[in-house]
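Asks: Order-wise, the sequence lines are chains D and A. The opening residue of the first sequence carries number 1 in our numbering; numbering runs sequentially from there. The opening residue of the second sequence carries number 141 in our numbering; numbering runs sequentially from there.
Derived by calculation from the structure, the hints in this document are not laboratory data. For each residue, glycine too, the CB sits at the ideal point set by N, CA and C. Do not rely on the hints blindly, as some may be mistaken.
[Stated by the list, open to error] With a straight-line cut-off of 30 Å between C-alpha atoms, the simulated DSS-like cross-links for lysine-lysine are:
id, chain 1, residue 1, chain 2, residue 2
1, D, K38, A, K436
2, A, K357, D, K67
3, D, K37, A, K155
4, D, K37, A, K143
5, D, K37, A, K181
6, A, K222, A, K411
7, A, K155, D, K67
8, A, K143, D, K135
9, D, K67, A, K143
10, A, K181, D, K67
11, A, K492, A, K414
12, A, K418, A, K399
13, D, K86, A, K357
14, D, K15, A, K155
[Unchecked claim] On the chain A side, residues computed to face chain D include the following (Cβ under 10 Å):
id, residue
15, E156
16, I167
17, T168
18, P428
19, G429
20, V430
21, P454
22, G459
23, V480
24, R481
What follows is the residue order along each chain.
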Amino acid sequence: MSETYEVPDELLYTKDHEWVLPEKKHAVVGITDYAQKKLREIIYVELPHINTKVHAREVLGTVESVKSTADVLAPVSGRVVEVNSKLLDHPEILNESPYTEGWIAKIELSDPSELEKLLDADEYRRFLEELEEEKTEEEM
Amino acid sequence: MNKIPLLDLHEKTAKELGEFAGWRTVITFSTLREEHEAVRKKAGIFDISHMTRTKISGPGATKFLQKVLTIDVEKLKPGRMKYSLILNMDGGIIDDVTVYKVTYDSYLMVSNALTRSHVLEWLKNNVDEEVLVEDITENSAFFAVQGPKSSSYVSSLVGDVSGFKWFEGGFRTVDDCRLLVTRSGYTGGDGYELMTLCGEQQLYEKVWSFFMEKGVKPCGLACRDVCRIEAGFPLYGQDFDERNDPFEAGLFWAVKMDKQFFIGKEALERKQAKGPVKKLSLVEMMEPGVPRPGYKVYVGDVEAGVVTSGCLSPLIGRGFGLAYLPPSLQVDGYEVYVDVRGSRRRAVVRTKPLISLSRP
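Chain D extracted, bound-state conformation (with noise of 0.2 Å):
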């Protein structure tokens, strides 16, 4: 049983399956089909406060499904300036709309030359590949 995942060509990704999407000095950011698929049904968000500064790799907020916790990891560093409140009462939409309605936060980067160090589309859907590979043969 294998699953799809949709990976946008334009968008950036992380190995932690964050994406962001780069608006010329901001970064949109959330997580990838393959981390809500992964996660199933998303029960809560824990969103950033705006103004907070966050280093790449901190923890930027975290998603709770119903039987897991996971953060959601800063792919860039920056000043977050906007975050998605809407998916307080309605987590189900990071569930629904992973890459358009249910971004998480916007961050005013810090350093845009990180955005290099992402994966780009391909890079991350052979990632991904890979991944799913690896546990074909753990089940074997």
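Position chain A against the provided structure of chain D, taking the given hints into account.
Replies: The following block gives chain A in isolation, referenced to the frame of chain D:
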């Protein structure tokens, strides 16, 4: 792995299947949100065929159960059910069960899936002459219709059962086959449980499909878990097990100490004098976060206990769970802190669950 009899049917509609206590079963049919709402506002149906069902009968049945159960089985009337514990000699809990009295010498017992072989072995090792213990788990199906509207749905299948008191039941017939229908459940709200006592796949499907066609929402074990946590019901193997006694598990109310003898009584008499050092308690989060098993609970800066199960309760929109805490903290509103992955979140002890049945 065992699989519940209707698994193939459920597989067509369920969202997530999974394993529970050695059984392949349904975790979610649709979403937890929708399923929970149905159970709390209307009616939902759970397939709980994984639970162990045992028939205990014969001239020595009452005397035998009087020995292995903590309740007074002699006082139980036919047509009534009671919650009980099975203890070992040290007072540790082997399982928690419900027992329905069919006649003066015949009973139907429901116990946990997790403990199936252990309980059956325990019963057989302690069995008396003239008692028959039969595991009927794999020759039957078991459904729970739960929610405020459950009475009318169940009545529309088996005839009027709205007059049943809580934990009262009786036999009803569907397709010439007997079903045990009891007003009972594990959600903290009103509900009925239906156990087939004959018939096969075809009958099980007929009963399940009847409720589907009526619009009763199919619900999985994830929803069942949230409902039982809201009701403050501990789950064997999760919140307590054989290492715990009834005092710790908060289940001493199910022990009849004035009964002449039962296995574990002597040990409990000794323990009762000392009192437990920890007791299963209810904890409600006042700050964001979902209490999860293993999370530590603090009073001020001092570690006081540990969470054993928890959920985000849709009833209150906050985290709610069960935790072992010192008995002295059993004060409603007592302030504690739950360590949610490194961040201490304010919570309070609750002495009442979020939902409890105003008994029909």
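Asks: Among all the numbered hints in the text so far, which are the ones the structure does not match?
Replies: none
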